[in-house]
Amino acid sequence: MATNSDIVQMKHDMMTLHSTDDESTLNSHQHYDDSDYKMSDDEENMITDAALTESTFYHGKIDRQKAEHQLNSCEKTRCFLVRQSDAHPGIYCISYKNQLGIKHFRISQLYGDYYIGSHQFTSLAAVVHYYTYHQDILMGERLHHPVSPPEPVQTLYNRVIAVRNNIKEEDTDELSFVVGDVFTVKSIIDRDWIWAKLHRTMESGLVPVAFTTKMDLSCDIHEGKIWYFGEPPQSSSTDLLKEEGKVGHYLIKQSDTSPGDYSLVLKTDKGIKKFRIKKDGLRYNMGGRCYDSIDEIIQRYSKEYIVEGLKLGDPLPKKMKEDDFRNNSYKKQDKPESHTIKTQSILKDGKSGKLDIKRKGGKKWRTYHCLLIQKEQRLYYYESDKRAKPKGIIDISHSTVYPLHDGLIGRHGYHFQLISKFLNETTITYLSTDTEKNATQWMTAIIQCSQNSNKNRLRQLEIQVSNAQKLSKTISHPYCIICIDDFKCAQTATKETCNPIWDEEFRFNDLNVDIDHISVKIFNRNRLSKDTLIGLVEVPVAKLPPVKPIDEWFNLTLSDNQIKDEIGSLRLRLKYTNEPLLEKKSCRSLLKVLTQTNTSIIEALVNVCQERISLTGAIAMIFAHERQEINFLAKLIENEIAKADNSRTIFRGTSLVTTIMEHYMKIIAQEHLKEVLTETILKIIDLKHVLEVNSATSSSKDFNLTTNIQLFLSLLNEIKEKIFNFVDTCPNCFMFLRLYCPAILNPRSFNIVSDPLTHAATRNLMTFAKCLQSLANVAGGGKEGSHFPELSSFFMVNKGKTMKFLSDLTAINDYPSNRETITCNIDTEIAIFYHLSKYYIEDLKKKVDSELQDEVTDFIEVFQNLEMKHEESC
Numbered sequence: 011m012a013t014n015s016d017i018v019q020m021k022h023d024m025m026t027l028h029s030t031d032d033e034s035t036l037n038s039h040q041h042y043d044d045s046d047y048k049m050s051d052d053e054e055n056m057i058t059d060a061a062l063t064e065s066t067f068y069h070g071k072i073d074r075q076k077a078e079h080q081l082n083s084c085e086k087t088r089c090f091l092v093r094q095s096d097a098h099p100g101i102y103c104i105s106y107k108n109q110l111g112i113k114h115f116r117i118s119q120l121y122g123d124y125y126i127g128s129h130q131f132t133s134l135a136a137v138v139h140y141y142t143y144h145q146d147i148l149m150g151e152r153l154h155h156p157v158s159p160p161e162p163v164q165t166l167y168n169r170v171i172a173v174r175n176n177i178k179e180e181d182t183d184e185l186s187f188v189v190g191d192v193f194t195v196k197s198i199i200d201r202d203w204i205w206a207k208l209h210r211t212m213e214s215g216l217v218p219v220a221f222t223t224k225m226d227l228s229c230d231i232h233e234g235k236i237w238y239f240g241e242p243p244q245s246s247s248t249d250l251l252k253e254e255g256k257v258g259h260y261l262i263k264q265s266d267t268s269p270g271d272y273s274l275v276l277k278t279d280k281g282i283k284k285f286r287i288k289k290d291g292l293r294y295n296m297g298g299r300c301y302d303s304i305d306e307i308i309q310r311y312s313k314e315y316i317v318e319g320l321k322l323g324d325p326l327p328k329k330m331k332e333d334d335f336r337n338n339s340y341k342k343q344d345k346p347e348s349h350t351i352k353t354q355s356i357l358k359d360g361k362s363g364k365l366d367i368k369r370k371g372g373k374k375w376r377t378y379h380c381l382l383i384q385k386e387q388r389l390y391y392y393e394s395d396k397r398a399k400p401k402g403i404i405d406i407s408h409s410t411v412y413p414l415h416d417g418l419i420g421r422h423g424y425h426f427q428l429i430s431k432f433l434n435e436t437t438i439t440y441l442s443t444d445t446e447k448n449a450t451q452w453m454t455a456i457i458q459c460s461q462n463s464n465k466n467r468l469r470q471l472e473i474q475v476s477n478a479q480k481l482s483k484t485i486s487h488p489y490c491i492i493c494i495d496d497f498k499c500a501q502t503a504t505k506e507t508c509n510p511i512w513d514e515e516f517r518f519n520d521l522n523v524d525i526d527h528i529s530v531k532i533f534n535r536n537r538l539s540k541d542t543l544i545g546l547v548e549v550p551v552a553k554l555p556p557v558k559p560i561d562e563w564f565n566l567t568l569s570d571n572q573i574k575d576e577i578g579s580l581r582l583r584l585k586y587t588n589e590p591l592l593e594k595k596s597c598r599s600l601l602k603v604l605t606q607t608n609t610s611i612i613e614a615l616v617n618v619c620q621e622r623i624s625l626t627g628a629i630a631m632i633f634a635h636e637r638q639e640i641n642f643l644a645k646l647i648e649n650e651i652a653k654a655d656n657s658r659t660i661f662r663g664t665s666l667v668t669t670i671m672e673h674y675m676k677i678i679a680q681e682h683l684k685e686v687l688t689e690t691i692l693k694i695i696d697l698k699h700v701l702e703v704n705s706a707t708s709s710s711k712d713f714n715l716t717t718n719i720q721l722f723l724s725l726l727n728e729i730k731e732k733i734f735n736f737v738d739t740c741p742n743c744f745m746f747l748r749l750y751c752p753a754i755l756n757p758r759s760f761n762i763v764s765d766p767l768t769h770a771a772t773r774n775l776m777t778f779a780k781c782l783q784s785l786a787n788v789a790g791g792g793k794e795g796s797h798f799p800e801l802s803s804f805f806m807v808n809k810g811k812t813m814k815f816l817s818d819l820t821a822i823n824d825y826p827s828n829r830e831t832i833t834c835n836i837d838t839e840i841a842i843f844y845h846l847s848k849y850y851i852e853d854l855k856k857k858v859d860s861e862l863q864d865e866v867t868d869f870i871e872v873f874q875n876l877e878m879k880h881e882e883s884c
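Residue numbers (this note's numbering): 11 to 884.
Under the rule of at most 20 Å between Cα atoms (straight-line distance), these lysine to aspartate or glutamate pairs were calculated in the EDC-like manner:
1. K447 x E681
2. K531 x E514
3. K283 x E253
Think of the hints as simulated: they come from the structure by calculation, not from any bench.
Given only the sequences and the hints, what does the whole structure look like? Please build it.
Set out below in structure tokens:
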């Protein structure tokens, strides 16, 4: 069995020897007699592709200086070689020379595959082939002239032999094998596991170190292959082929008469026939043709006739003695814990979890188990959490994180995208998860290990797409796409008018350092052809003022940037924040003063701040994160009730408590809304026509009022019953006006649906929201149900049920003990609060009552001290 010293020796050998099989190549040489055959241009290109074997460009383990010397000795430009790094064991490099000098491109090896950037290759030859025929390695340049090594590189490798049998665990990367199987070691995973290729089946996978022992380098390199039967004399193997083999069965053994050569023994219908394979340096000669490996010979004659009317079939099966298997079976306790993503996550202190992933241009979303290792700046994704070898890798060091609105991809969920730029190539990967919490955690973790991020600054963009005017009357279905640096990030709904009003807001957090511009493009949706670009607005980020928003009309331009009056204009409200984050100590100080300050002072601050929505959103998130939101809301509600003159209008206006409550409900009520509303909203959206239920307001003369009312009541009762049945999970008593109705009116903003709404769907949802609010008003003693005379009976029948529901809801006095802590970047939220508030601190004194002047003075003093520290640190 392999000992610790064997493992150390194998690791040393892996650092000094190239770890790919000498007999496996991407493509093989083929030779033609020019007198018999003339190649076409296309075939000549194909042969050039096929000539890219590792022997033409691989120089083994040499340092950078030697590699540059080899390239400089070549008179041609765009020449290259591939080498194993002398300074970094296990790393390979493409050394490339052009007119400007020599550049070196790193290639990593992992589990037998090769990675350059986020691209995965099965061999070094595949890497060279890709950057020779498919992709530029530099702008306008590809690999062109391979520089051969001065002497053939002996491609040695570590080999081990199995001393115990193994049966793989289900759904893992382990290999099943028997005693005597031979492996090529590709990677040393840890002290218990290696990644190796099994010669008998040519499969690669995990092998327990304890179940193997190291082979002597003097052993034949083909030992363990399914067709190899060893050294002479091997008359017994030939006799076995003759007696038990079928026509087409074959084996290969060392030559009986010519040491160093081999014999291919084949069973034909006329008996046994032998073919000599001559070893010529690092190559093999058979029948006048040269091959890089015996595998190539087998591959060729599996497709072509080796004798008249016969091709190579299967190799002669090797027999395993039953006693050997039984005597060498392992005990479960002898086997080390399987090397999986779970163990890697623990050992490497990585973030793991499920993500849905799709490459741009790919057909399907697939769910993968992902592992982010921040030290390596890599995101690994696996088909199963029991796997050790990743399905792929995303190089975070060359990637930038961008938000991704679900309307762009027509898929429900929480999405973001990784833009990877490496070697003059850009790849886009879409990632998605089922909750906002998970998406925020993943985005934050990836941004923190990206070289394009600055962790000490608050970078945030808020865009409100208001409306467009003076568009051509031929425009029937306009919508907008918001791009950051030309990458699509969000999309508005489609409107059915040439004077669209969107009033949609988008917020993008944790933006990257090198953002250059923001653009909003207006398209017209076409049913039978590609959507048409109407015009665009492009705003350089450098021209946006810090923190303070701009609200302007922008003239639309086309791609030539020439303004044309007839194109139209677009109104946008833009706010770009690029401010330093507070130090940890300052964050704690501000957090303490905020959570302990009198709510009247906070209310006064909100009233003087022009960015009311953003400020209250940060306040709500901070209190929720600190688990103090319930006491905070209770004090705000008490203040609101104490100031109210008329109980019938309480909480109807826009005040601090109602705004904070709206933010808080959006934070905690996402799952509740999906459970209660999604099914019915989807049914309403699927309706193809406007569901008129009021004969006085209908513009159509041929609609069936009775049919409409029956369908409408059916869906309205469905929503009503679900709301009443979920009293225990309802977030608060403001749910009709502040939660359910806004969610029904705009289900996209609550992440209930992802696709843009049609005109009919928008009208129908508006009617349902009005009816639901009318039901709440009737239960409260109002008369708004009279707006729907045809539905008056519905309001009267359900008045008592609604009152009971509200009574049951208000009877819940206990705080939920198992509520989760809100996940957010608390430093970011505190920074938002600080940078929005500091401009209005002086105005705060004038708005606070005299009895609170001492408290507000202390509050302002904290801000002034923070401002001084902040300026010193900057």
